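Chains as they are written, first to last, in our numbering: chain A, 424 to 853; chain B, 68 to 319.
Hints are not guaranteed to be accurate.
Calculated Cβ distances over 10 Å to all of chain B for the following chain A residues [to be verified]: (1) 433; (2) 436; (3) 485; (4) 554; (5) 805.
Derived list of chain B stretches under chain A, where covered just means 3 residues or more per stretch with a C-beta under 8 Å from a C-beta of chain A [claimed, not checked]: (6) 153 to 161; (7) 199 to 208; (8) 236 to 249.
Worth flagging that the hints you see were computed from the coordinates, not collected in a lab.
None of these values were measured; they are calculated from a predicted model.
C-beta: ideal position from N, C-alpha, C; glycine also.
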Amino acid sequence: MSAAQTEAERTLAALFESRSASFTKAPIDAARADAFRRFAANGLPHRRVEAYKYTDLKARLRRLPEPAGPADNARVAATLAAHPPLQEGATRVLIANGRYHGAIGETIGGIRIASLLGEGAETEGVGTLVAASDDPLTLANVGLFEGGVSIHVDAPSARPLEIVHVANDESLVMGRIAVFVAPGASANVVERVIGGRDAVLNTLAELTIAEGARVDWIRIADGASEASTDLSSLHVRVAERGRLEHLTVSTGLGLARAQAFAHVAGDEADVNFRAATVAIGKRHADNTLVLRHDALNSTSSEVFRSAVGDGGTAIVQGRILVAPGAQKTDARMMSNALFLDETGEVVNKPELEIFADDVQCGHGATSGDLDEEMVFYLRARGVPEVSARRLLAEAFVVEALERVTDEALQDKLADHLRGALDVMGGKTWS
Amino acid sequence: MLSIENLHASVEDGESTREILKGLDLEIWPGEVHAIMGPNGAGKSTLGHIIAGKDGYDVTEGTISFNDENLLEMAPEERAAAGIFLAFQYPVEVPGVATMTFLKAALNAQREARGEKALSTPEFMKAVKTAADKLGVKQEMLRRPINVGFSGGEKKRNEIMQMALLQPKLAVLDETDSGLDIDALRIVSEGVNSLRSPERSFLVITHYQRLLDYIVPDHVHVLAGGRIVRSGGPELAKELEERGYAEFLEAA
Chain A
424 MSAAQTEAER TLAALFESRS ASFTKAPIDA ARADAFRRFA ANGLPHRRVE AYKYTDLKAR
484 LRRLPEPAGP ADNARVAATL AAHPPLQEGA TRVLIANGRY HGAIGETIGG IRIASLLGEG
544 AETEGVGTLV AASDDPLTLA NVGLFEGGVS IHVDAPSARP LEIVHVANDE SLVMGRIAVF
604 VAPGASANVV ERVIGGRDAV LNTLAELTIA EGARVDWIRI ADGASEASTD LSSLHVRVAE
664 RGRLEHLTVS TGLGLARAQA FAHVAGDEAD VNFRAATVAI GKRHADNTLV LRHDALNSTS
724 SEVFRSAVGD GGTAIVQGRI LVAPGAQKTD ARMMSNALFL DETGEVVNKP ELEIFADDVQ
784 CGHGATSGDL DEEMVFYLRA RGVPEVSARR LLAEAFVVEA LERVTDEALQ DKLADHLRGA
844 LDVMGGKTWS
Chain B
68 MLSIENLHAS VEDGESTREI LKGLDLEIWP GEVHAIMGPN GAGKSTLGHI IAGKDGYDVT
128 EGTISFNDEN LLEMAPEERA AAGIFLAFQY PVEVPGVATM TFLKAALNAQ REARGEKALS
188 TPEFMKAVKT AADKLGVKQE MLRRPINVGF SGGEKKRNEI MQMALLQPKL AVLDETDSGL
248 DIDALRIVSE GVNSLRSPER SFLVITHYQR LLDYIVPDHV HVLAGGRIVR SGGPELAKEL
308 EERGYAEFLE AA
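Isolated chain B (complex conformation) (with noise of 0.2 Å):
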């Protein structure tokens, strides 16, 4: 599904350009739940950015493809479309945009690039009900602008809401688990694993093993100084967590 192979991306640092991740690959397959995890400042953030197709990253070696199409030399937009949904670490507030105008806009837009009839109101209008009720995203915060005076963890549960209504192929989890008290990780979680089918996959990207106690990954990785450096089962997470990541920047 996803195969990332000997990924380089660089920013620009000033006046001199900073290469961050230096050689990565991964491969998940349909119905598979990875995990990236790693000390700061590794590249988790990164890896999420440049799949989603965000600017400001500089791709100098390497490929992505997802399901045989090269995803770097699509907009953002179209990799949404193919079925790509990144769950943001810090989701963005905009004011004046109500959240069910955006969602509607969404939703639509990505039915049109697949060639699928747009969804009637009442059928939207039952979509976001039912996913919103799954994450407890109650009504009057999809009237208010979007993520305008959320908490972190309404926040949080808007984004998977959104990933709910919108069924990704493939959902990158960036930090979720960040600002979110244990009720609401258990929210989100049980949100997360009740889309997980033998057909979509998850790249979950976490500082912390305690989001995977929730959602059991299949692979872990560690990600440190730009690449890959050890990969495994979920055990590797619970070893981390009480050997922290010292080695692993020492070998970086």
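Chain A extracted, bound-state conformation (with noise of 0.2 Å):
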């Protein structure tokens, strides 16, 4: 690590040290001492690392709360209690602090759960969508998690999922997911965090689509309090005629930065990511998104929408490459922002790599205020301008969830969202 080395790092530095002490020779723990030599090479990113030019990690986190030990069960309990699941009659899948919580080597509904680490653990193909990644994040999970979960969907229209995380108030926790879609089979999964105020989360996850098979994935990330940090990054594989319908929701405070990195692998693979952010007050979020193109006749679409006000600040980054070969790409990609008031900041970044000569590729990018047309037609049906407003706004992000097919989802996922923008420079709007 560089002299530089700020007290955060120092806290990883050592927390390397004694998770390391209980090593083992398998490959899950090579891969381990090898992700974190590579992450202390470089430290925690900064402002002039490109992908983190707008998250400048070193500076932002400048030292970091104590890991976790494993959770109170009984706490853990009345968090989830307090929580019920999104989706009707979804099984939970709880990583507490970081670790599972479950019954070892569970199959509920065809879905096999194993935990990452520990006594049963499978490890089996976990690992190999990071194995090339240099992405700091990604590194520092590998290096240090803690525990987490396999998961492997076999059959198709599986019951929903819906994967914990919980964190004690003012610790650090980093989670770890595998999920592996088996051919033709189908999953449909909600990632979110409760709790863990002042904490700060950096998770992972992999997840392998199969041919033909479906995925459904939405992560929530809804920050608790100024000091919360939710950091996570997911890494997909597609394979042939396989399908992703990905969708962040960004609301709360604090800091988060949702990564994604997706690797259309297979012929006529279908990938669709859709984010919603409101990023009022003390929020950074930040959306991240690298998508590599690698086969025949694929598509991808994105479609970023974020409102911000208040001071909040939204990052919008897409990096789409079309491999040499990759012919027959049909990617498009669309950032829009909505700011509702002065002081919001809103930076898109799109960025097309372009090696095959038979694709149709896109972006575009916008951010300002509300239509004054719009704003105009419903008032002058009797809406008075703030709620003419107020609904516009919320009409605007929630236009992101469009995708979602399960209705039920759609509508609490807007109630969400509505509940997100409810409060603007500390008054409610109407």
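Two chains, two separate frames, one set of hints: put the complex together.
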């Protein structure tokens, strides 16, 4: 690590020292040592690292809270009871303080769930999707994760899954997830963080979508407090005719960076990313996507909707790479930001790198105020100005939920976003 | 009901200001249907916009009173609650806001502003269904975002459906006939005619006489060069159809 090591980086190094003491000769532990060495070589990313230009983690995380020990069962149970699953009948997979909480080797409704570490751990295939990654957050998790789950989905139309991260207040947590969806199978996943005021989470998920499989994955980043940090990295590989419907919903306070690294590896695959962000007040919401098309006839679309106000910040970085030979790729990216007042900040950074000649790719970005023609139309029908603006702001963000197929879930997420828009500048709208 | 006196209005046009209305007078009594006709650029739509309270116009002189209230001091939503309705020439598409949600927000906001009770959901649904059936607006359209993906005719029917639901005192129809085929024109006109009553007035803005075969006005005015240059009965519209606006363009 460089001479200018921060207190946070020293905490991470010490954590690695203590965790590596119990490493075995197993491949997963060898990978951990390698990953942490690579992370430590550069430390926490800062603004001179292009991918972190707008989210300088070295500066924002000068010190880190203490790593959390195993979670208290009674407290976890109470937290869960207070927050029922968003989808009716969902199977809950609990990761408390980074560790899988559940029966070892559980099989529920055709879904096999196992721990990533400890007794009965299943690690086959885990790490495949991140082996070549040089993303610092990914490397830090791979080196330091304290536990997590592997999930195998082998059947179509399996029950919805809700992966819940629960963290102690003021703790450092790095849980890890690996999900394998078998050929022709389908999985419907909501991943969310509950609680954890002032906690720092750095979660990692690997998602393998086999031939003809489909995954709907919703990540909810709802920051509990101004000092809470929710860093998440999803690495996904989509095989032939595979399909991914991904949505990030980012609300609340504190720092959030939701990263997705998607590899379209199979022909005729279809991946769609949506993000609905409300960044009001002390919120820095970063959505970063790196999407690589590596196959024939594949399609992708991205729509980012961000509403900012009261000093909030929304960052959207979208990079689409079309590899040589990935002919007939159709990739479209759009980022739209709405200013709720004059104090928010928005960064849109779309990038296209195209090395194939027979492709259709496009990107666009807008940022602005509400359309005054729309405001007038509603007012001319009697809707008071404040309500009209509120209604339009809600509609702007909620539109990013268009591809959520479960209507009841879509309604709940829309309500959640409306709630996030409730307070602007310390005042409710109407 | 509506009394406009010596109205002068201008718009910012780049560096300069351009005066569009140059001393317009108009008096509409309850139950009357007035048609405003005139060449393109005469200020017809401007008049509709100013009555509804749209931003971007500077009223430099004159008054508009509506049932003895100073309309120019009221916000657009206050005008709507007081009974003013503008059927837009180009109804605005509002992505993400379901038509039904919008109608409920509009109707209940108007009722609240007038000190009336909000409608219950069943009462509201019934009122919408009545209005929608009359204009041939399908239930499926009501679930869609406002005007998004609607054809030109559907948008205009949606406007008149909103008018039937909101039951205004004065409806300003801004080129409601533009973009309508003959069947849609008939449906829209029937919708308007069924709302005619001794208490409700209409200001029908149109370029063509055709609409006035269906909505027969009590008075026809020619707006040219920012002023009413001639007024008459329904026969004036016929005369304009035959002779065009040329003589008024010269006069203006």
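Verification of the supplied hints:
1. With a least beta-carbon separation of about 48 Å from chain B, residue 433 of chain A lies farther than 10 Å from that chain, consistent with its non-interface assignment.
2. Every beta carbon of chain B lies more than 10 Å from that of residue 436 of chain A, the smallest distance being close to 48 Å; the non-interface claim holds.
3. The Cβ of residue 485 of chain A sits about 40 Å from the closest Cβ of chain B, beyond the 10 Å cut-off, so the non-interface label holds.
4. With a cut of 10 Å on Cβ distances, residue 554 of chain A stays outside the contact zone with chain B, its closest approach being about 41 Å.
5. Look at residue 805 of chain A: its CB is around 4 Å from the nearest CB on chain B, not clear of 10 Å, so calling it non-interface is violated.
6. Closer than 8 Å: that is the beta-carbon criterion, and the region 153 to 161 of chain B has 5 residues meeting it against chain A, so the requirement of 3 holds.
7. Here's how the region 199 to 208 of chain B fares: 0 of its residues keep a CB closer than 8 Å to some CB of chain A, so the rule of at least three is not met and the hint is violated.
8. Proximity of the region 236 to 249 of chain B to chain A, defined as three or more residues with a beta carbon under 8 Å from a beta carbon of that chain, is not established by the 0 residues found.
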